[in-house]
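Chains as they are written, first to last, in my numbering: chain W, 1 to 283; chain X, 1 to 283; chain E, 1 to 283.
I should point out that these hints are in silico values taken from the structure, not numbers from a laboratory. Fair warning: this is a prediction, and the values are worked out from it, not measured in the lab. There may be inaccurate statements among the hints.
[Said to hold, decoys possible] Label-pair restraints from in silico Cβ distances:
id, chain 1, residue 1, chain 2, residue 2, range
1, X, ASN275, W, VAL251, 15 to 25 Å
2, E, ARG257, W, ASP204, 48 to 58 Å
3, E, THR60, X, GLU248, 16 to 26 Å
4, X, GLU56, E, GLU248, 51 to 61 Å
5, X, ASN275, E, THR22, 26 to 36 Å
Note that the Cβ used here is the ideal one computed from N, Cα and C, for glycine as well.
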Amino acid sequence: MSKPIESTSQKDSMVFEKLNVTRESAVLFAVIDAPPMNLEGPELIRDLVSLIQQAEADDTVQVIVFKSADPDYFISHVDVTRIKENREAAAKLDGNPSIGQVLRHMSASRLVTIAQIEGRVRGVGSEFILACDMRFAALESAIFGQFEPAFGVIPGAGAAQHLTRLMGRGRALEVLLSADDYDAEIAERYGWINRALPAAELSDFVRSLALRIGSFPAAGHAVVKNRVNAIALASAEDIQRDSDLFLEGVVTPEYQRRMQAAMKRGFQTREAEMNLGRLVAEL
Amino acid sequence: MSKPIESTSQKDSMVFEKLNVTRESAVLFAVIDAPPMNLEGPELIRDLVSLIQQAEADDTVQVIVFKSADPDYFISHVDVTRIKENREAAAKLDGNPSIGQVLRHMSASRLVTIAQIEGRVRGVGSEFILACDMRFAALESAIFGQFEPAFGVIPGAGAAQHLTRLMGRGRALEVLLSADDYDAEIAERYGWINRALPAAELSDFVRSLALRIGSFPAAGHAVVKNRVNAIALASAEDIQRDSDLFLEGVVTPEYQRRMQAAMKRGFQTREAEMNLGRLVAEL
Amino acid sequence: MSKPIESTSQKDSMVFEKLNVTRESAVLFAVIDAPPMNLEGPELIRDLVSLIQQAEADDTVQVIVFKSADPDYFISHVDVTRIKENREAAAKLDGNPSIGQVLRHMSASRLVTIAQIEGRVRGVGSEFILACDMRFAALESAIFGQFEPAFGVIPGAGAAQHLTRLMGRGRALEVLLSADDYDAEIAERYGWINRALPAAELSDFVRSLALRIGSFPAAGHAVVKNRVNAIALASAEDIQRDSDLFLEGVVTPEYQRRMQAAMKRGFQTREAEMNLGRLVAEL
Numbered sequence: 001m002s003k004p005i006e007s008t009s010q011k012d013s014m015v016f017e018k019l020n021v022t023r024e025s026a027v028l029f030a031v032i033d034a035p036p037m038n039l040e041g042p043e044l045i046r047d048l049v050s051l052i053q054q055a056e057a058d059d060t061v062q063v064i065v066f067k068s069a070d071p072d073y074f075i076s077h078v079d080v081t082r083i084k085e086n087r088e089a090a091a092k093l094d095g096n097p098s099i100g101q102v103l104r105h106m107s108a109s110r111l112v113t114i115a116q117i118e119g120r121v122r123g124v125g126s127e128f129i130l131a132c133d134m135r136f137a138a139l140e141s142a143i144f145g146q147f148e149p150a151f152g153v154i155p156g157a158g159a160a161q162h163l164t165r166l167m168g169r170g171r172a173l174e175v176l177l178s179a180d181d182y183d184a185e186i187a188e189r190y191g192w193i194n195r196a197l198p199a200a201e202l203s204d205f206v207r208s209l210a211l212r213i214g215s216f217p218a219a220g221h222a223v224v225k226n227r228v229n230a231i232a233l234a235s236a237e238d239i240q241r242d243s244d245l246f247l248e249g250v251v252t253p254e255y256q257r258r259m260q261a262a263m264k265r266g267f268q269t270r271e272a273e274m275n276l277g278r279l280v281a282e283l
Numbered sequence: 001m002s003k004p005i006e007s008t009s010q011k012d013s014m015v016f017e018k019l020n021v022t023r024e025s026a027v028l029f030a031v032i033d034a035p036p037m038n039l040e041g042p043e044l045i046r047d048l049v050s051l052i053q054q055a056e057a058d059d060t061v062q063v064i065v066f067k068s069a070d071p072d073y074f075i076s077h078v079d080v081t082r083i084k085e086n087r088e089a090a091a092k093l094d095g096n097p098s099i100g101q102v103l104r105h106m107s108a109s110r111l112v113t114i115a116q117i118e119g120r121v122r123g124v125g126s127e128f129i130l131a132c133d134m135r136f137a138a139l140e141s142a143i144f145g146q147f148e149p150a151f152g153v154i155p156g157a158g159a160a161q162h163l164t165r166l167m168g169r170g171r172a173l174e175v176l177l178s179a180d181d182y183d184a185e186i187a188e189r190y191g192w193i194n195r196a197l198p199a200a201e202l203s204d205f206v207r208s209l210a211l212r213i214g215s216f217p218a219a220g221h222a223v224v225k226n227r228v229n230a231i232a233l234a235s236a237e238d239i240q241r242d243s244d245l246f247l248e249g250v251v252t253p254e255y256q257r258r259m260q261a262a263m264k265r266g267f268q269t270r271e272a273e274m275n276l277g278r279l280v281a282e283l
Numbered sequence: 001m002s003k004p005i006e007s008t009s010q011k012d013s014m015v016f017e018k019l020n021v022t023r024e025s026a027v028l029f030a031v032i033d034a035p036p037m038n039l040e041g042p043e044l045i046r047d048l049v050s051l052i053q054q055a056e057a058d059d060t061v062q063v064i065v066f067k068s069a070d071p072d073y074f075i076s077h078v079d080v081t082r083i084k085e086n087r088e089a090a091a092k093l094d095g096n097p098s099i100g101q102v103l104r105h106m107s108a109s110r111l112v113t114i115a116q117i118e119g120r121v122r123g124v125g126s127e128f129i130l131a132c133d134m135r136f137a138a139l140e141s142a143i144f145g146q147f148e149p150a151f152g153v154i155p156g157a158g159a160a161q162h163l164t165r166l167m168g169r170g171r172a173l174e175v176l177l178s179a180d181d182y183d184a185e186i187a188e189r190y191g192w193i194n195r196a197l198p199a200a201e202l203s204d205f206v207r208s209l210a211l212r213i214g215s216f217p218a219a220g221h222a223v224v225k226n227r228v229n230a231i232a233l234a235s236a237e238d239i240q241r242d243s244d245l246f247l248e249g250v251v252t253p254e255y256q257r258r259m260q261a262a263m264k265r266g267f268q269t270r271e272a273e274m275n276l277g278r279l280v281a282e283l
């Protein structure tokens with residue numbers, strides 16, 4: 001089934017620091033590999049921006065599947081110690097330093113994006129998969145959370161926009177205000193993801209779906225995405241407003257105090273974040 | 001875990017006729033206790049208005065949990081024999097006599113509200129829980145219904161607004177046009193409630209969630225609610241329009257005839273309303 | 001329970017070529033019977049237009065239940081060889097030749113419509129049931145698909161509008177971009193239908209629901225539908241836009257090539273379309 005990979009020039013340009021990208025037919029498989037816990041820092045953001053730009057420039061690419069090299073963490077969350085660098089990296093795509101706008105660019109792109117989720121996706125990790133066009137998760141291992149309200153702030157990259165439209169007011173408020181961890185079964189029931197599948201079946205399911213979609217005409221992808229997005233994708237203004245509110249929140253003393261307490265308890269370390277839902281309730 | 005209750009002045013002011021209110025940390029637990037069947041009459045409306053006002057005035061209160069003292073009825077529905085008094089009681093909150101506007105005030109409030117549902121919630125009872133921020137119900141006993149269309153009228157306090165946004169056009173039309181009773185399992189499947197839980201686990205689940213949310217910064221609650229409501233809460237104009245259409249409907253001969261027939265069959269009595277879904281189909 | 005059928009004049013006018021219509025109380029049961037596979041061609045469209053017109057003109061009719069005479073096909077899809085005639089037949093309702101506008105007329109009507117689905121509903125068949133007010137399907141036999149994007153085009157009669165609102169962005173994109181078949185269990189989980197029921201219970205369930213709704217005042221149906229539609233029914237402009245985009249797509253060489261290949265493999269034949277999801281991936 002697999003075509004020869006891209007030409008040498010393309011191949012050369014497809015070198016990333018935190019992503020391992022392979023190609024099969026019209027599908028790119030991008031494996032997030034940013035040890036020790038797939039934090040979203042400037043290197044990963046730079047890679048994602050670069051991948052989107054290169055894939056959009058290549059008419060033979062139609063679908064990107066995102067996976068993780070770490071079975072416990074898909075994307076843990078943004079690296080809170082490097083916000084300034086993150087924003088500089090994000091601005092490379094469209095000039096806007098908000099990660100939410102990078103994600104919205106991806107949602108609005110002609111490229112079809114599929115998240116294959118094993119392990120934890122929290123904070124901007126959850127917002128990343130929400131910005132993908134589809135989400136499939138391992139029943140046994142995937143864990144979802146938007147912990148930001150535990151620090152008194154709204155998620156900064158679109159979670160409230162996506163979750164409210166996907167699961168309705170009541171469930172979105174529960175998920176956001178509880179700032180807790182949710183397993184894949186509830187995530188499916190609530191509409192956070194398309195489906196939870198047994199881990200053993202997940203890769204084959206997603207690969208088949210991606211290759212199938214990639215075999216259909218690109219014109220169909222673009223028109224379908226445009227029409228669906230016109231109904232269900234938040235406006236750039238709404239994404240910006242959430243981003244601004246997040247930035248207003250992180251400079252408050254209350255946020256600062258809680259974040260310092262969280263860092264002392266191991267926030268941003270692999271071990272402590274295995275149960276982040278509990279950690280944020282103990283600050 | 002529990003803090004000392006409020007100051008004496010607060011305590012004095014927290015006396016209600018149809019609500020038993022206790023406090024634990026930042027959470028108020030309000031038990032609806034309006035025998036014989038928790039009809040929503042002027043006393044209960046007065047109490048709810050008063051509770052909302054006092055809680056909003058007290059910065060140390062962040063969450064209200066609503067429960068019922070009656071295992072068979074959470075809120076049965078509005079007392080149809082006292083519409084005028086009900087409206088006078090409702091007007092005490094913001095000057096608007098529509099119960100739907102009282103409920104919308106609660107939805108838009110910085111206060112986080114959680115409904116813990118055992119027994120029947122129908123008519124304005126269902127609209128009350130829909131206006132809460134989250135809804136959890138006892139799998140064994142909770143029953144949901146919007147019976148108003150069986151009398152030829154639209155629900156008057158926002159049900160069509162909430163249900164359509166929560167469950168989509170097809171399920172909302174089914175629920176409203178059938179005017180029937182729905183159990184907790186289907187209510188969860190349709191999105192009427194967040195989740196159905198075994199009755200034995202319900203209280204602990206809701207209490208933990210409420211205390212958890214109450215321990216997080218108030219700033220986060222307010223910003224999250226504002227942004228989610230901007231997407232998913234019906235406008236005051238839409239709430240008003242439904243209220244007006246309801247009032248236009250209840251004066252028609254068809255409504256009057258059916259309501260009289262219903263009263264003869266025991267409408268607004270505890271026993272007859274155990275199976276109200278059947279009763280309204282026999283008028 | 002059953003009332004005498006309509007008057008002779010009504011009866012005479014209720015003769016159809018591809019529909020068998022019977023009446024019980026305020027409910028019409030319309031059985032789609034267009035062998036060999038319930039393709040939606042000009043005769044069936046003419047019948048549907050005529051049925052809607054006659055039912056709307058008869059105040060004693062409140063509900064229409066749609067079923068199929070073919071256990072394998074409810075409506076297979078539009079007859080792609082007769083697009084011009086189809087559009088002429090559609091224009092008979094409101095002057096607009098778009099089938100999507102005929103379906104929107106039905107959604108906006110005071111009539112309550114219920115789809116009782118056994119067998120395949122694909123393309124405009126799926127769009128037909130989506131335009132009904134409620135959808136109940138046989139767990140064992142119902143199969144759902146919007147295969148149009150496999151040919152590079154958006155569905156032309158409102159599928160993207162309905163699916164996005166019913167199931168959210170992620171699931172709508174999956175269903176549309178995969179162009180695949182979905183069974184009744186997933187269709188229920190995704191919100192494509194109200195509920196999947198065992199085939200043995202389906203007819204009784206739908207008949208009871210239809211008669212129940214038909215026994216309630218017509219005024220309630222109209223006001224509930226108006227208010228729900230104001231939130232959740234796509235505008236005529238959006239339906240038109242999708243229709244126009246579809247028509248732009250079907251004249252492209254890519255569409256033409258794929259459609260010719262599909263016809264060679266048996267597209268529009270009963271046997272080959274038993275597994276249409278596979279067929280469209282082999283073009």
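Evaluation of the provided hints:
Against the hinted window of 15 to 25 Å, the Cβ-Cβ separation of ASN275 of chain X and VAL251 of chain W comes to about 57 Å, which falls outside the hint. Distance hint for ARG257 of chain E and ASP204 of chain W: a CB-CB separation of about 30 Å, inconsistent with the stated range 48 to 58 Å. Taking 16 to 26 Å as the suggested C-beta distance range, the pair THR60 of chain E and GLU248 of chain X conforms, at roughly 24 Å. A hinted range of 51 to 61 Å for the beta carbons of GLU56 of chain X and GLU248 of chain E is consistent with their spacing of about 54 Å.
About 31 Å separates the C-beta atoms of ASN275 of chain X and THR22 of chain E, a value consistent with the hinted range of 26 to 36 Å.
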